[in-house]
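Just so you know, the sequences run in chain order A and B.
Going by this note's numbering, the first residue of the first sequence is number 1, and it counts up by one from there.
Going by this note's numbering, the first residue of the second sequence is number 1, and it counts up by one from there.
The hints are simulated quantities; they were obtained by calculation from the structure and are not laboratory data.
Take the hints with a grain of salt, since some may be wrong.
[Said to hold, decoys possible] Below, a sample of chain B positions facing chain A; criterion: calculated Cβ distance under 7 Å:
1) Leu119
2) Met162
3) Ala214
Note that the coordinates shown come from a computational prediction; the quantities given were computed from them, not determined experimentally.
A virtual CB, placed ideally from N, CA and C, is assigned to each residue, including glycine.
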Amino acid sequence: MRRYGPWLAAALVVVSNLAAWRVAALNRSGEPEAVLVLTERELQLPAKQAENTALSLRLVFDRWRERGDTVVREAGWFDRAKLQSIGFDCRRPVTAEHADYYRTRPPRATYAALEFGEGASLDSRLSVVDVDNDAAALRQRHPDRRRVAVVEATAVIRHVINPGQPPFLMGRVTSVLPPEINVPREWRGALEGLQSDARPGTWPPPQREPRFRVSVSWGKRLEPWITNVELLTPEPAR
Amino acid sequence: MAEPIVEGPALTKARAQQRADQIEAFTHELGELEREGVIRLAQDDRARIGDYHARLLERLAGSFDVDRTERQRRMSIGMRIASLVGAVTLSAAVVLFFNRVWGLLATPAQLAVLAAAPLVLLGAVEMAARREKTLYVASILAVTATAAFILDVSVVGVIFNMRPSPVAFALWGAFALVVAYTYGLRLLLAGGIAMSMLFLCMIAARAAGIDLGASIVRPEPLLPAGALAFAASFLPANRRRPGFPETWRLVGSVAVLLPLSFLSTWSGVFSYLPWPERVTGSLYDVAGFVLGAAGIWFGIRAGWREVVHVATGFLVIFVVAKCFDWWWDWMPRYLFFLLLGGLAVAVLVILGRIRARQRRV
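In isolation and in its complexed conformation, chain A is listed as follows (with noise of 0.2 Å):
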């Protein structure tokens, strides 16, 4: 071992990182899986950072859900047959009595169809539209791939109980993946001098007229990456 180890952990190195790049290229080959082009609105840029040069992108969909103030009445089409198809199991009566069941059952991994909608306001104009363990199966239903990008997902059950209303159960997506996409060196220029110095104080922060538009493109592995930033100019004030 004291001989060839050295040598060993050198080509595991080695092998990793040639493997890597093999899975990077073979994502991006051939025809995108889906190609959206979204604003600042649906990629938050981040505050500068003084130990940190690189750049990523926060993908941000259903803003409504994430403030505080949003009560839900209904689950929507999130409700618990779709949590079912997932894997979630929901067997057990949906009352007050089994809410910490229900509380304590872990994320689920699952795929997830991600919509960009049409909407006037400044809020983020992706939404989850649909979610199935079977990407290809998720796709069939949403064939539009300028519109619908097919993304891997973490899935959580809801009990909600409001006043006056029988408790229900309702699915939520937390997170996609990756839930960040690095902006490459060519295009970091661009977006560097739009930074603030400081992160925003309230979540979700302050929304404004976006000032770029970035293209992203999804692969076969449902990873996405970014091809080309355009900087927009500012409307003027109505």
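Using the hints, position chain B against chain A.
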């Protein structure tokens, strides 16, 4: 005069240190016996023994860098702590330096730097190991090389926006284990085993459809993995490396016992088993008491100090947790603490009896 024998297939650093300690104790005790008039060695016998021991210690120090005095021993402990701090801070420096500069590099340059860093550090480990017997510097560099490899795999994932994968933990674990076995480094061995166990948890979570980030809240895969780690301590490849069987047993015991605390108290939250919570909880209650007691019993009999420490610590926490779980809600507080105090006294009595019996043997 007989030449001191220091080389041999069975002689390890631990055994050499044990011999040096024996010589020091012998010299002290001989002095005491002479002062109390029990024995008086002839001058030339004393000189022969002293000369033999001096040359033996010289050779042991040359071959294994053993500590010859209490002061040297204290210095060695200080050096071990310093090397641990050095390893952590140097690893942090590598990661933070890369964070600071990687945005300035084009993607091919980033990839080249990331892949080159662990390779260069591996070369430095090899050079340090050839020059220094104690391996203090080599161990610092080995931990830093592992940190550089972890950084490499993580950042390549960020650059290509890859989805998280359990394979990364398998790669890190394999790297740490290869380096640990090459240079005989116990800290990296423990790290390598821990990362391999996390890999198993993630594989099980993926198979069950659970999000990878939540895999550690389903710790059942650690039970067989810990048992396997314990069994691995008996492999010849580990027995001939000083400190390796103890490290495998230590990590194995922690991996088996620690999850039982959570699984027995909150089986509905932490367990994969589809049975009713009461059944699963009772099963893990029994497993906790039996395995904790068995760990202490076998640890004492076999002389596995690390297993005795882990099992004793676990059993104390487990008993307190179970008492809290069973009695806190319905028992008056004074009675609860009285009962805990009574249990502590009972444990003291039992351990005292075992100790007395061992003294008689």
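>> For a quick check of understanding: which of the numbered hints are violated here, in increasing order?
In response: Of the numbered hints given earlier, the structure breaks none, since each of them holds.
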